[in-house]
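Undergrad: One letter stands for each residue in the lines below.
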Amino acid sequence: MACIEARGLRRVFGKTVALDGVDLSVGEGRILGLIGPNGAGKSTALNAILGLTQYQGDLKVLGRDPWTQRDALMRDVCFIADVAVLPRWMRVWQALDYVAGVHPRFDRQRAEGFLARTDIKRTSKVRELSKGMVTQLHLALVMAIDARLLVLDEPTLGLDILYRKQFYDTLLNDYFDHSRTIIVTTHQVEEIEHILTDLAFIDHGRIVLNGSMEDLAARYFEVMVNPDQIETARAFKPIKERQVFGRSIMLFDHLSREQVAPLGEVHTPSIADLFVAVIGGQQGARQGASA
Amino acid sequence: MSSPSETAPMTAFEAPALPAPRANATRPLYWSVRRELWEHRAVFIAPLVAAAVVLFGLLISAIRLGHHLTNLPRFDPAQDGGALALPFDFAALPVMATGLIVAVFYCLGALHNERRDRSILFWKSLPVSDLTAVLAKAIIPLVVLPLVTIVIVCALHLFMLLIGTATLIAHGLDPAPFWTEVPWLRVEMTLLYLLVSFSLWYAPIYGWLLLVSAWARRAPFLWAVLPPLALCLLERIAFDTSNLGELLSYRLHGGFSEAFDVSDVHAGHASMHLPTMDPAQYLSSPGLWIGLVFAAGFLAAAVWMRRYREPT
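These protein sequences, in sequence, are chains A and B.
First residue of the first sequence? That's 0 in numbering that gives the first Met the number 0, and the numbers climb one at a time after it.
First residue of the second sequence? That's 0 in numbering that gives the first Met the number 0, and the numbers climb one at a time after it.
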């Protein structure tokens, strides 16, 4: 069963089109990275999935309409908006008591177990914790909830690299199994690259690229082109060409491995390079057209 | 004699085909009220501080009063009881007024602060409906604060009784009439009635404040107060009438005269300065019921605002 099924999702604020016909299908047990520039519609898309905003078009999350059936849906869905949203006055034991008191799927002992691995004291207030510790606390709460969909909107914003790495390692080792689905948005794409199973690029309210990591690895090739092959390579119309240490690196779409292999050294492009090629290229074209 | 072959099919039959999904019993409204009290400790502390100030003042006054008592042949509550009992309902007033002020500021912040610090995204990540969340917030001024106030007032009166008794004994007077002739039970019942009738009377005000709190982007206090005043002024200038102003003033001051029989206060024979309760008049007052309808409307609008407003 698809965990999320969106067809023609639209959301307009005044004159701003935040979502302009989003089609997205996320299967159960996938980890989807939703990547896009600022203002591309990421947060609006997530808000629609979480039943926080109204929308036009069809959207089903775990078979439910997130806007009209939000209260029932939230038993199966968790989200971390970002590290700043835990109430600052709250003490750690209060957070545990409260979530245990309102969430039917919260396993308090599990949360206590996660917290025991950290330096967080039960009597501390959230405002007394460092940003990294607040994230650990939020993650401990969320991972103790037996949810089917976890939505992470910039969960590691403003954290140092140790906490960021720990965040994703914990998530992958202690939480993820193949019955759960995770959606994550972040600007630090290189850090989530190895954990994703699926990738979607969103730009100007539209999904411009969507597929499993395997599909994308079979579709896009990055070639460090041999100097004598440059003209041949350019004839294949790379979607992006850049220079590194005097060598041309070209990104090809819809070519077979056999076609690109003679041109030079072939790699799977990183998400960041793919992002720059797919979205940066469009933005460059638009800027060029408007200039 | 039962053999394993007989019991085995039984257990196989009883064993569930699938483990039932684990689910804790939850009480969202109860825990939502508790979390409000964790966040807003002023609900307890402010009335307690007011009571402590009153008590401290009375302690000093009791020491000063002691000098007058030494000159009395015996303590007569019929004459002196008024003087000693008078502080009892007056002592309750600062505590009640503090409770009201706390209620007003609580309501103004209740749905505004969670948006300002974005913690609303945390609250909304849990399976607690907007209706439950707003109801929990309405319960604080409507139920919790009156309860807290009456408990503190009762405790305050008990302390005052002890101080009064100690003062009388210290000056060689018999404290018994002080305990028997002052109508303690009636004092506390009247105050409880006053608190309940006032909190229902003010329900539309709390509802309005909660609605403004859910709606205003900033300065909820100004948004709650200035528009009604501006409308009053507009009516005054445009039509030279003050219907709206009278309506608001009736809402602010009218509760007392609806809940109590005020005729004997003016007649000047109010025993022990206690007004007479008049629940029949209060419950049949259209002002009460119209107010409650408005309160329900404001609360429904606040729930709607919390639901529909885009989190930013």
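One thing to keep in mind: the hints can contain errors.
[As the list claims (entries may be wrong)] Taking beta-carbon pairs under 7 angstroms as the criterion, some of the chain A residues facing chain B (in silico):
1) THR52
2) GLY56
3) ASP70
4) MET73
5) PHE78
6) HIS102
7) ILE248
[Stated by the list, open to error] Footprint (simulated), chain B over chain A, 3 or more residues, beta carbon under 8 angstroms:
8) 91-101
9) 215-222
Just so you know, the hints here were simulated from the structure itself, not pulled from any lab data.
Note that the structure is a prediction, hence the values are computed from the model and not measured.
In this text, a Cβ means the ideal position worked out from N, Cα and C, and glycines have one as well.
Undergrad: Hint by hint, say whether it matches the structure.
TA: Results of checking the hints against the structure:
| no. | hint | result |
| --- | --- | --- |
| 1 | THR52 | 6 angstroms, holds |
| 2 | GLY56 | 17 angstroms, violated |
| 3 | ASP70 | 5 angstroms, holds |
| 4 | MET73 | 4 angstroms, holds |
| 5 | PHE78 | 5 angstroms, holds |
| 6 | HIS102 | 6 angstroms, holds |
| 7 | ILE248 | 40 angstroms, violated |
| 8 | 91-101 | holds (count 7) |
| 9 | 215-222 | violated (count 0) |
Hint compliance for this structure: hints 2, 7, 9 are not met, and every other hint is.
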